[in-house]
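Colleague: Residues per chain are reported as follows:
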Amino acid sequence: MEDLEQRMIDAARRGQPEGYTYLMTRYGRRVHLLVSQVIPDARDAEEVAQDAFVRAFDRLDTFDEGRGTFATWIGRIAWNLAMNAVRGRKPEELDLLDNLDYLDELEEPDSEAGRFTLLDEAIDRLRPEERTLLHLRYYNGMSLAQISEVMDVAAGPLASRLQRIRQKLSKLIQL
Amino acid sequence: MNKQEDRVLRAAMERRAAKVPALSDDFQANVMARLRKTHPSSPLKGRGKLRRWWLMVPAIGAAAAVVVGLFILKHEPKIRTIDEQPQIAEMPTPAPVPKQEEGVVTSTPITAEVKPQDVSSKKTVHSAPSPTGRAGGGSSEEDVAGVSDLYATIDAMTDQALREAERLSIETLSRNVAAEQPS
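Residue numbers (the numbering used here), protein chains in the order written: chain A, 1 to 175; chain B, 176 to 358.
If you are wondering where the hints come from, they were derived from the structure by calculation, not from laboratory data. Quick caveat, the model's predicted, so the values are computed rather than measured. It is possible that some hints are incorrect.
Claimed, not checked - According to the in silico footprint, chain B covers these stretches of chain A (three or more CB under 8 Å from chain B): (1) 26–37; (2) 42–54; (3) 113–124; (4) 142–155.
Ideal Cβ positions, reconstructed from N, Cα and C, are used throughout, including at glycine.
Let the hints inform the model, and build the full structure from the sequences given.
Modeller: Shown next, in the form of structure tokens:
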């Protein structure tokens, strides 16, 4: 872990505002984007992101630098809060059903823009866990081990899920 | 895994992220406000006031030290001049009479009128420990009784030692005188 980040974490542990400010500046957007993979509404996602930081700062004493990074630690908190927020809602309200069968009938896109538009729509139809997996892997550049810390799923099953997603989207991602 | 497919997926996720609006300007302030509610006694709250209070600590400590010092000095034994010091004749108990020996020239016990007072003798009355403390000490009896008793005891022991020294010096003097006299 970077020395500066460690010092800021220690400062936050002592209740010093500069510690909190540094961590929110560095990870605020990251946490927000993670939550938005589960909660599409931006305002709701921001509120859950706030919850994540409040909870993280409240439990900062439990963060163990030797077991992982602050990024994966707060990611885990944000992921759990986001999933708890959507549990209890009807699946059709959240589009939790994976409905990508239409892709089988889809013709291959004829342009780059068309490709990404269709890909975006397809990713919207993925389950939140699958969407989050794609986001952490391809946007954050996390390894499967790091994603495992965030989503509390073993790396093996994550690799299988990732392969399955790629197969579903193959028509859109194969050039 | 196919690197080309990885690039396409990476580009797609970046495009999606760009569509998510930025955090609101008061995001951090809202988090801090919620933290203060859950941790009202933390340094987060009233940081300016806390800092000012901390600056006063050395001043308070110095003032406390001055007060303690004044208290100690107030109840320190007052060093009196020789004229102010009391006479031994004020002692309620009579001085012991030196033991008379046959043929020994005795002299009258040295009284306080003749003997200069030791400046270390500081009590008002050379008597049994006084529970009332020192003269001028208007402090609580409970506070100074112990100290006064100690000083009284020391004074009494000092007087006793002085008297014993007088007796021994008289005896020695008497022996010398007797030794010089023709047999």
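Colleague: Give a verdict on every hint.
Modeller: Now the hints, each set against the structure:
Three residues within the 8 Å Cβ limit are the bar, and the segment 26–37 of chain A against chain B gives 5, so the coverage statement holds. A count of 7 residues in the segment 42–54 of chain A with a Cβ less than 8 Å from any Cβ of chain B is obtained; the coverage claim is therefore met, three being the minimum. Proximity of the segment 113–124 of chain A to chain B, defined as three or more residues with a beta carbon under 8 Å from a beta carbon of that chain, is established by the 5 residues found. Residue count for the segment 142–155 of chain A with a Cβ under 8 Å from a Cβ of chain B: 0. That is fewer than the three needed, and the coverage hint is violated.
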